[in-house]
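Number of protein chains: 2
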Amino acid sequence: MKPEIKQLRDKLKGLGLNGMIVSNPISVKYLTDLDAEGILLIAPKENVFITDSRYIESVNNSLTIDSEIFAYDKKNISKYDYEAFFENLGDIGFEENYVTYANYKKYLEMFHINLVETEGLVESQRIVKENYEIEKIKKACEITDQAFEYIIKHIKKGMTEKQIAYELENYMLSNGADGIAFETIVASGENSSMPHAVPTNRKIQENDIILFDFGAKYQGYHADCSRTVFVGTIPEEQKKVYEFVLEEQEKIIENFKEGTNIKTIIRNRETDYNLENFEVMHSFGHGVGLEIHEVPFLNSKVDNILKKNSVVTVEPGVYFPGKFGIRIEDTCLIDKNECIKLTKTAKTITTIKLI
Amino acid sequence: MKPEIKQLRDKLKGLGLNGMIVSNPISVKYLTDLDAEGILLIAPKENVFITDSRYIESVNNSLTIDSEIFAYDKKNISKYDYEAFFENLGDIGFEENYVTYANYKKYLEMFHINLVETEGLVESQRIVKENYEIEKIKKACEITDQAFEYIIKHIKKGMTEKQIAYELENYMLSNGADGIAFETIVASGENSSMPHAVPTNRKIQENDIILFDFGAKYQGYHADCSRTVFVGTIPEEQKKVYEFVLEEQEKIIENFKEGTNIKTIIRNRETDYNLENFEVMHSFGHGVGLEIHEVPFLNSKVDNILKKNSVVTVEPGVYFPGKFGIRIEDTCLIDKNECIKLTKTAKTITTIKLI
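As they're listed, the protein sequences go chains A and B.
Read left to right, the first sequence gives residues 1 to 355 (this note's numbering).
Read left to right, the second sequence gives residues 1 to 355 (this note's numbering).
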């Protein structure tokens, strides 16, 4: 049995639950390593994966005796089988933030159980990464770094944001990534002031600022990196803001390690923003792993203690609507005594020459 | 008020509902034209869009007095405002197939109402497309056709499936598409036998079969097209299967028009499959519009009458696991007396030459 399932079974026992229906596909993938649609039942006597005829063959090929997971094609499961899985054992956990109301009702009827909300149980287990997960995130970050190094040397005069985003993604896909972590942002000139800009047909020109936010996906795991660079000369105002953002980012990274309360660090950064009259328009960061955005989120609202081997992004930014914006972001690994940057592209002020 | 909202209000009245909470983002976009996260309240006296600070400015810029939609940033809405929206008026519809159990409970508490399941009310309204929607789908199909014409002339010896998929997508994005309708399938040789293949590093070689399934996205609307082509000579067995699939596809298209019962037509096709001992491994088609897969689905299980101005794909296929597969698919518009193909690439047996 995968240690991830064992750990979940222990947690369920601690909560007084007799089992759980796992339906969030990311959680299913995390617990089973299976790439197939279906739900995972953590039942009293066995682990059951219910899928359909599209996947049953490949699922059975992937599972070994050590998996301790029984796979069923749902078309072969009877009403009585469904009722037998949990043996009428009462309280069974489910993912209330993922299961639709329609499926909630269906589960109640099918399994003859009492459904209990589990409040992100698997998601919070996923915060602490196993070594094999960290290796995959590192690889995704490496590809991301290489892609950035490539792209800033290949921006031609007159290229559009869309074309640059496309080249960047192409580089990642051709160099080991098996996907793009999220929709790439390439925002130039005044477009950089929108934290969630999408690439447009705006052409890069002299004295532009360009904000990149991008990442590779590798074996299901994500990298997330932002850099802001300048074309030609840098206006003094932008230089000052860049230095502020970089300093703020490094302050967070320096303070992060196992045991740090995220809230305290982020509150201090918000104070710095207030002193400069900057508005906080974008989150300071988030967990990253099998999902591009996962817990923990970096905010000053709730106490949130960093755990060893969790992976988070650190991404402060300052935005002046209609003018320009600057964001700097790294994907970082939380260790016992430090916070280790997994994206390593230099962050000294960079000016590029159009080719 | 958009006619789509008026129509929904009439339907709600007919169902004895005093309003509805629309939370499926596709339905929200359909009813409001807004590109923003949030929920739409169809309330007794007004239409309310609740969003957050990331979107409120652009939402307010998009809305006009004719929209008759009031937009709120949720951080400015009090507990009492929430309770006032529906005036304690009792039965309010919600989307049970979209709303999570956690949000269902939150809505109950926030709005002080009784929530009633609406069973795909907006989705079924979306089946019949407005003219402006049909124009957008046509444009997406045009780009899709052009991309296919381009790609079959640009396949080099030794190119991988991934590279071909990438070129195809690049062509669409550089020629008017603002997105890819779904993950492109380029499946060659034995890979074509998997209905849901993802492009691999397999290199195209002489005497290959290549199955393409792809489409452009244009202003939110999708195109969906499959073609199967041959490299060099065609084995007799594959030729026969191709002719069978094409004939089956044309039989469906010839029979589809306003008022046709999908079930009857598909049941007849399944009979043809049985006669040839072919297994039905992939759906015969689906509605397409703001979503790549939407109602109606083409199956023989339930009565389902085609409506004028609905858009569906017709995509029979035959698959021999480990050997080869053939699928032919068009996006089609249902009219009063006929079914009009919106993807128009020729379907005569095509052999390509590697360059």
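Hints in this document: simulated from the structure, not taken from any laboratory.
Keep in mind that a hint or two might mislead.
Treat identical chains as interchangeable: a pair holds within one or across any two.
[Unchecked claim] Derived lysine-lysine pairs resembling PhoX-like cross-links, with alpha carbons at most 25 Å apart: (1) LYS203 x LYS157; (2) LYS105 x LYS6; (3) LYS301 x LYS74; (4) LYS106 x LYS307; (5) LYS75 x LYS301.
Consistency of the hints with the structure:
1. Taking the shortest Cα distances, LYS203 and LYS157 sit within 25 Å of each other inside one copy (8 Å), while across copies they are farther apart (35 Å).
2. With identical chains, the CA atoms of LYS105 and LYS6 are never at most 25 Å apart, being 28 Å at best within one copy and 31 Å at best between copies.
3. Proximity of LYS301 and LYS74 under a CA criterion of 25 Å is satisfied inter-copy only: 17 Å between copies versus 43 Å inside one chain copy.
4. In this homomeric assembly, LYS106 and LYS307 never come within 25 Å of each other (Cα to Cα): the closest approach is 37 Å inside a single copy and 30 Å across copies.
5. When the C-alpha separation of LYS75 and LYS301 is checked against a cutoff of 25 Å, the pair qualifies only between copies, where the shortest distance is 15 Å, while the shortest distance within a copy is 47 Å.
Hints 2 and 4, counting from the list given before, are not met by this structure.
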